Each structure stands twice: as C-alpha cells, then as structure tokens.
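Produce the complete structure using the sequences and hints provided.
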Amino acid sequence: MMRRYHRWFSFPLILFLFVVTMTGVVLQGEEVAKISEARLAATGASALPEDAVVLAQLGKALQQTRAANPDLAAQRIELDYSRGQAKARLAVQPRGGASVEVDMKTGETKVVTAPPPSLHVMMIQLHTGRLLGPVGLVIMMLVSLVFLVLTITGFMVYLDMWKRRRKAAKSGLFWS
Numbered sequence: 492m493m494r495r496y497h498r499w500f501s502f503p504l505i506l507f508l509f510v511v512t513m514t515g516v517v518l519q520g521e522e523v524a525k526i527s528e529a530r531l532a533a534t535g536a537s538a539l540p541e542d543a544v545v546l547a548q549l550g551k552a553l554q555q556t557r558a559a560n561p562d563l564a565a566q567r568i569e570l571d572y573s574r575g576q577a578k579a580r581l582a583v584q585p586r587g588g589a590s591v592e593v594d595m596k597t598g599e600t601k602v603v604t605a606p607p608p609s610l611h612v613m614m615i616q617l618h619t620g621r622l623l624g625p626v627g628l629v630i631m632m633l634v635s636l637v638f639l640v641l642t643i644t645g646f647m648v649y650l651d652m653w654k655r656r657r658k659a660a661k662s663g664l665f666w667s
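The sequence shown begins at 492 in our numbering and counts up by one.
What the hints contain is simulated information worked out from the structure, not anything from laboratory work. Model, not experiment: these values are computed from the prediction. Keep in mind that a hint or two might mislead.
What the hints assert, rightly or not - The calculated lysine-lysine pairs, modelled on DSSO-like cross-linking and capped at a C-alpha distance of 30 angstroms, are:
hint, residue 1, residue 2
1, K654, K578
2, K578, K596
3, K578, K601
4, K551, K596
5, K551, K578
6, K525, K601
7, K551, K601
8, K525, K596
Claimed, not checked - Label-pair distances were calculated between CB atoms; the ranges are:
hint, residue 1, residue 2, range
9, S573, F500, 29 to 35 angstroms
10, G575, T619, 58 to 64 angstroms
11, A660, G627, 46 to 52 angstroms
12, A565, S609, 18 to 24 angstroms
13, G550, Q519, 35 to 41 angstroms
Every residue, glycine too, gets a C-beta built ideally from N, C-alpha and C.
Written out as structure tokens, the structure reads:
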C-alpha cells in the first residue's frame, strides 16, 4: 500500500524537483559570476572615507532623495566608493527595482523607475514560487508536505524491505 502511494506521489514531484533544481543551478551560476566580477571591481577600490564623512554624505543623500521622490519608501541603502566615486543608492525590494541614485560628490540625483522583470528576477520568482503569487506559495507549502509524506513512506518501504531481507537471512546491501 505504501509503495503505491510513494510511487504515485513521487512521479509528479520529479518534474517539480527538476524545475527547482534547474532554476537553482542557473541562480548559483549567476551568483558565481557576480562574485568574480565583484573581486575584479574590488581591486580598483579606493580607501573608504571616515565614518563622519559617510554619515554627512548619507544625510545629504537622504534629503536629496526625499526632494526627488517623496513617495519612495527605501528599504535598502547601498554605498559605492569603488573606483574613486561616492554614490548612494536608496532602493526598494526586489533588487533592481525603483531607486534614487545620488552622486555624493556632485550632488546629482537620478530617479530610476523599476524596469520590467529580468530573467534573474523571474528565475528567483519561479524558484521560490512567488511567480504565481499567493497560489504559488500555497503550492510550495503543499509540495513540502508531500515531500514529508514521501520521506515517511519511503522510510516505511525501506524498513519493510530490510525486514524481508533479514528474515530471508540475506546480508549485504539492497543493490548488491
């Protein structure tokens, strides 16, 4: 009985696991490429300014951001002092979304609207189930519960096979 459940639940989940695995591999590949680029960019990084200077520049950047886009509810602040520049980027989630960029040396402010979703963002949404919204999250939750059932039924099937082999006085591994 458990084998039948295990077999029928596992077949559709193979396809699901394939999609999750492939999107995970693509995302990891992108992450490795980003780390390599960051290491190359870090070689040209300049010395960081004192904390007081950074705080003063950040205060000005916040004022300029409020003036440029009062409705922006920034969730993240990125400071970039690489290659002799001093830039602040106040942004909302997800990464690559709407933001305000402030050049802290010149005071120039640039409002950046959210671009259409990139392939990277779509891969993350597909990988996490957010691509389908709340329905996707429910699907992910149900699939997780099914994986739990498969773990339990798989263990029961294994235990049954082990008992049969022990009763038949067979030694060694199942696949040998």
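Here is what the structure says about each hint:
1. In summary, the hint linking K654 to K578 is not supported, as the alpha carbons are separated by about 67 angstroms, beyond the 30 angstroms threshold.
2. Between the alpha carbons of K578 and K596 the distance comes to roughly 8 angstroms, so the proposed pair stays at or under 30 angstroms and holds.
3. At roughly 11 angstroms between alpha-carbon atoms, K578 and K601 fall within 30 angstroms of each other, so this suggested pair holds.
4. Simply put, K551 and K596 have alpha-carbon atoms about 10 angstroms apart, close enough for the 30 angstroms limit, and the pair holds.
5. Taking the CA atoms of K551 and K578, the gap is near 11 angstroms; set against the 30 angstroms cutoff, the hint holds.
6. Distance hint between K525 and K601 is fulfilled; the C-alpha atoms sit about 24 angstroms from each other, no more than 30 angstroms.
7. Between the alpha carbons of K551 and K601 the distance comes to roughly 14 angstroms, so the proposed pair stays at or under 30 angstroms and holds.
8. With a CA separation close to 27 angstroms, the supplied pair K525 and K596 stays within the 30 angstroms bound.
9. At about 50 angstroms, the beta-carbon gap between S573 and F500 misses the expected band of 29 to 35 angstroms.
10. As the Cβ distance of G575 to T619 is approximately 38 angstroms, the hint placing it in 58 to 64 angstroms is violated.
11. Between A660 and G627 the beta carbons are some 51 angstroms apart, a value that agrees with the proposed interval 46 to 52 angstroms.
12. Between A565 and S609 the Cβ separation comes to about 21 angstroms, which falls inside the hinted range of 18 to 24 angstroms.
13. For G550 and Q519, the hinted distance range of 35 to 41 angstroms is satisfied, since their beta carbons lie about 38 angstroms from each other.
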